[in-house]
Every structure is written in C-alpha cells, then in structure tokens.
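Asker: Each chain is listed here by its residues.
2 protein chains.
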Amino acid sequence: MTIVLDAFGGDKAPLCNLKGAVLAHRELGVDVILTGDTAVLRELAKKEQLPLDGIELLEADGVMDMHAEPTALLKQYRNSSMGVAFDVLCDGRADAFVSAGSTGAIVVGGTMLVKRIKGVKRPAIGSLLPAPKRSYMLMDMGANAECRPEMLCQFGVLASVYLSEVEGRKNPTIGLLNIGTEDTKGGELQKKAYELLSQSGLNFVGNVESREMPKGVCDAVITDGFTGNIALKLIEGTAMTLFGMIKGVLKKNPINQLAAGLLKKDLYALKQTMDSSEIGGAALLGVRKAVIKAHGSSDEVAIKNAIRQAVNMVKSGAIETMSRALADGVNEES
Amino acid sequence: MTIVLDAFGGDKAPLCNLKGAVLAHRELGVDVILTGDTAVLRELAKKEQLPLDGIELLEADGVMDMHAEPTALLKQYRNSSMGVAFDVLCDGRADAFVSAGSTGAIVVGGTMLVKRIKGVKRPAIGSLLPAPKRSYMLMDMGANAECRPEMLCQFGVLASVYLSEVEGRKNPTIGLLNIGTEDTKGGELQKKAYELLSQSGLNFVGNVESREMPKGVCDAVITDGFTGNIALKLIEGTAMTLFGMIKGVLKKNPINQLAAGLLKKDLYALKQTMDSSEIGGAALLGVRKAVIKAHGSSDEVAIKNAIRQAVNMVKSGAIETMSRALADGVNEES
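One line per chain: the protein sequences are A and B, in this order.
Per the working numbering, residue 12 is the first one in the first sequence, and the count goes up by one each step.
Per the working numbering, residue 12 is the first one in the second sequence, and the count goes up by one each step.
Hint data in this document are derived by calculation from the structure and do not stem from the laboratory.
Quick caveat: nothing in here was measured; it's all calculated off a predicted structure.
Any given hint might turn out to be false.
Any copy, or any two copies together, can satisfy a pair, since identical chains are not distinguished.
Said to hold, decoys possible - Heads up, simulated SDA-like pairs for lysine to any residue below, C-alpha to C-alpha not over 20 Å straight-line: (1) K144 / L281; (2) K226 / A280; (3) K144 / V260; (4) K282 / P143; (5) K258 / R145; (6) K244 / Q283; (7) K263 / M251; (8) K202 / G217; (9) K282 / G307; (10) K262 / D76; (11) K196 / H78.
Using the sequences provided together with the hints, build the complete structure.
Answerer: In structure tokens form, the structure reads like this:
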C-alpha cells in the first residue's frame, strides 16, 4: 500500500512529516510518497540520518498558505505540496492521502479533485473526540457552514460506516446535536434532520444535548459544520481555560505546591488527553478515496498515526461500503 | 420598589423562593409579591418562622409544567404562579419579574404579555458566564433557535446597553461568535451580521472563535439562540466531565488522596465557580419591563441575587436606554 503525504503541511513540517513517514514505513510496512521541495527533504534526511527506504520524494512548488482562501488550492497553489499530493492520489499512484495543512484546502481538494462518492451531497469532516469511557465522533466539524437536513442524514450514514468498518464498533449509535431531547426542538434543520435520521435505518438515538456530549453518550454526534466547529473549539477552549485556573490553584501557596508535586504526573497525563482534543486525524468522508487531515501541530508520531488511520480506512473497504449505503440516494438532487 | 416572584418556579420552590424573598426584603429593602398557592406559602412561613413583612402573597392556580410547550403558559397555565406573576408585572403592581421556572415559558410570557420594546424584532436571553478575569455575556442563549442578521445586530445593542447601564462597563466590547476571525467566515447569517454590527456604532471587535470565548476576550458574545444554547451547555458539560476526570485522578491512590486533601477547599471553590455556569440570573432583553430568569436550581441566595439583578435593572433605567437606542429601527419590518 502507498500513502501520499503532504511533506510541507503543518506547523512542524517538513521535519516531523519526514520522520513520520520513516516511522510509518518501518512500523506499518507502507510505502510513502512525500510531496514538496525534494532538495530540502533530501538534505534533511541526510542531516538527520533518516533512511529513505520505501519513501519516494516528489517535487512540488511551494506550500499552500494556511491563511489563503481554500479555493486557492485550485489556482495559485495547484502545484503546491498539497496540490501535487492530491494529483498522486487521483491518478492512483497512492491509495490514501494525508496532510496536516489547511483544513479548508483539504475539503476543496477532496471535493473538487478526488470528487464525491456518487450520491453524496457534501463531504464532511469527522473526528474522534476523547470522552471518559469511549471516544465519540463529531461530524461535521467545519466543512459545511450551512447544511440542509438531507446532508445531516448522510453525515450520519458516513459516520456510521466509518465507525463500524474502520473502528470496529458494532451498530454504532448516532445522535443529533440539539438544544433539547424532544423531537420538536431546534430549528427547521434539526426537526427535519431528526425525521430523516429516524427513517434512515441507522441506530439513531435521537437528539443529544451538548451538556451530555462530552460524556460520550453515543458513538457519533451529527451536526452542521458551523455548530460542529464551534463545539470542537469550545471544548478545547473550556478545557484549556479550566486547566489554567487549576494551575492557579496548584501554585497558590506552598501547601498547594506540595500537593501539585504529588499529582504532577497524573494531571499532566490528563491534560495531554484533553489537549489533543481530537484522537488521531480527522477524516474527510464522502469522497472517493481516503483523505486524512492530521492536526496542524502534528509531530512525527501524530503523522505516523494519521498514516495508520489512512491505512486502516483503505484496508477496511469503508469507502466501498459508503458507496453501497448511499446508492439509494443517487437519483436525488445533489 | 416591588418585585414579583413566581413562588413555585424552580427545583427548590416554594421554600427557597419564599426564603429568598424574605432575604431580599431584609437586605435590599424591596417589597416582594409572591404568586402561587398562598395557603402552602403561609403554612411554610409559619413552620419556618419567616416574617412576611414587605411580602404579599397572591393566589395562583398551579405551576407551569417544565416539560409543557412554552406557549401553554398562554392557555392551560394562564393562571399558574408564572402566569399570575406576569399579570402583576403587566398591570404595574410590580416593577420587575423574577422566576426560576421554564425558560421557554418566560420567553413566551415576556414576548406576548409584557411585549417587546418598540422596534425590537425578537427578545433574547443574555447571561453572564464566568471567565478567569472578567465575566462575559453570552446572548442569545436559547430564546430564538433561528435568527436573522438584524436580530443578531439588535442583540448586540441590547447586550451593550445592559452591560453599560446595569453592570457599569464603559463602552463594552461586542464580539460575534464565529468559526474564524476573518469577516468572510461562517454562513450567510454571520457574514451579514458582521456587516451590520460593523456599522452599528457599537464597540464591535469582530468575530470571536469559541476557543477564545471562555477566556473572556470581550464583554459580550453575540450569537443565534441555537448556537448560544449549544455553547452554554457545552461549557457546562465539558467542565463537569473534566472535573469528573480530575476526581478520578485525586482518588487514584493514597498519595493522590493525600494531595487531594490539601487542595480540597480550593478545588471545591473552583468547581463551584464553574458549576453555576451562569453568574446570577439570565435577563430577557428586548421586552418592556425587567424580566429575570433565575437558575432552575436556585437556592434562597440565588433567588435573592436574581431579585437584586432585577432591582439593578429597574434602577439603571436600562430599558429606557434600550428603547432610545432602538428607536431608529422602529419603522423596519419586525
């Protein structure tokens, strides 16, 4: 299996990306195509004494600017490390794509270059978030700021297939993020999506309130990309603010400092869990190939894990299952 | 000044409501009209030896069911403790209204019985949320699941007046909750609201991402009622989940338990701060009189504080200022 990795996407690129590719080849036995400035990559490999077995370096022109409009990927950044990585995926030289670059650009590339699975109205981003007992998928996390009810229902199908095929969860429970549990709650979008999800044949457990969501009350929480993005970042922001306040308590006086010393290791581990607000990378679901968005701040282990996620997605045949699951909707307006 | 209090709204009614009214009369010097089953209230006062100076008991028939449709307030619950309290407010026997009952019903009563300030499209709920340095107002927290851009702009005006008049904040900063800081972010609602807020003359600081919101980066964060309600409950849910996980760390082994003993008081105080996810009650802004929604779980101190908030709102003349601020919009479609 071959995975294409945008060597220059992410805050710690290209070094961590290169190291992650080396780790992935060694531990997972996959070949990796790295796109970007090959001279820089070759120089880095030499300096860091990284073996390039199973790794192909492919020339690309520049890096997609994180602050550029996502659609710029199709124009001035068409030959960037991300643009070339999409080419490699599209022409079949690689089985899956991984980038830690701009989420918006990945959505654009996935939708316009890789293209949608037949019948999919809009691809969406799903990622696993940590919960005390079992992680849960939040989807859409920001690909579609505005959604129609049918889109939310499809997100449910895509998330359900992903969780059962890639994560091995049997008959995953699907909830709709809403401002109350009754089916009359929310706006028109939620009311209609509730109805569609109820009739979808999915293991739909109804509305889920945001107060319950962090507990991990169902396997996937479905919402529009605006609300999903607000929710994702609010969990992160709330956790970080709270940890900041706890830090204040721990430093308050010598007695607290003593106690802090005793708890240091365990509290640090807990903070780490919540810091990486997403577990692994985010998957762009609804496109014809495996497209994984790694965290912008990915180190080599995170890159390797994102590659692993891409490998699992390919091996599972999840995309073929999604295609079959959505075949009924092919003739609908898309 | 006279405040009318729904004696039977809330989880700890009527006892805590009665005690709260007694406290308010004693500490704030206001008269309180309590609506509900007066025989029960009189019996309680006798049993608890609570003096009824400055307190009038007014008969009402039953209590608005928390799970009933909010509009039921206008029908089968018209003579409930909340319905009668609204009558007392509307006919001028009281200057302000406080209830710990159903938020939805309070919005319905405020809008349909108290009525909107001239020019107000939709009243909305704003409440102060805790932040490390200074609290911030989130608005709308759930009165309007679906909003138009002009409504968000008005929420900004209402929040700004409330914060300056009632909270004494000079030229309060107003942010728009969005999925990115650039003015092109979000859906049509956010883009258009951004434009309107920019032209509003408010101290508009642009888009605020949910990751930044809990830090208290501006005085008020404006959003639609769906997103606001999701955000409010998600902060609460995330904080509670985190505290649960921290509790696990503190109980993990004898050493951690020792440390926990040392930190107990300070951590408990921190948890209390976040538990009462809102500071004081929530104000229904945009209606012609002061309408305060106290927490459902209010004890007597919380009830007294909600009464204090109502008093401050009346004294400040905030509603008159809101009327003047919105006068320009009177001829618009509402």
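Asker: Give a verdict on every hint.
Answerer: Status of the hints after comparison with the structure:
1. Within a single copy, K144 and L281 get their C-alpha atoms as close as 13 Å, which meets the 20 Å cut-off; across copies the closest is 24 Å, which misses it.
2. Taking identical chains as interchangeable, the C-alpha atoms of K226 and A280 lie at most 20 Å apart only when both belong to the same chain, with a minimum of 18 Å there against 23 Å between chains.
3. Taking the shortest alpha-carbon separations for K144 and V260, only the inter-copy value of 14 Å comes in at or below 20 Å, while the best intra-copy value is 27 Å.
4. Taking the shortest alpha-carbon separations for K282 and P143, both the intra-copy value of 13 Å and the inter-copy value of 18 Å come in at or below 20 Å.
5. Proximity of K258 to R145 under the C-alpha cut-off of 20 Å is restricted to the inter-copy arrangement: shortest distance 18 Å between copies versus 27 Å within a copy.
6. Within a single copy, K244 and Q283 get their C-alpha atoms as close as 16 Å, which meets the 20 Å cut-off; across copies the closest is 23 Å, which misses it.
7. Taking the shortest alpha-carbon separations for K263 and M251, only the intra-copy value of 18 Å comes in at or below 20 Å, while the best inter-copy value is 23 Å.
8. Taking CA atoms no more than 20 Å apart as the test, K202 paired with G217 passes inside one copy only; the shortest distance there is 11 Å, against 31 Å between copies.
9. For the homomeric pair K282 and G307, the shortest alpha-carbon distance inside one copy (19 Å) is at most 20 Å, but the shortest distance between copies (32 Å) is not.
10. In the homo-oligomer, the alpha carbons of K262 and D76 never lie at most 20 Å apart, since the shortest distance is 40 Å inside one protomer and 47 Å across protomers.
11. In this assembly of identical chains, the alpha carbons of K196 and H78 lie at most 20 Å apart only when taken from different copies (12 Å versus 37 Å within one copy).
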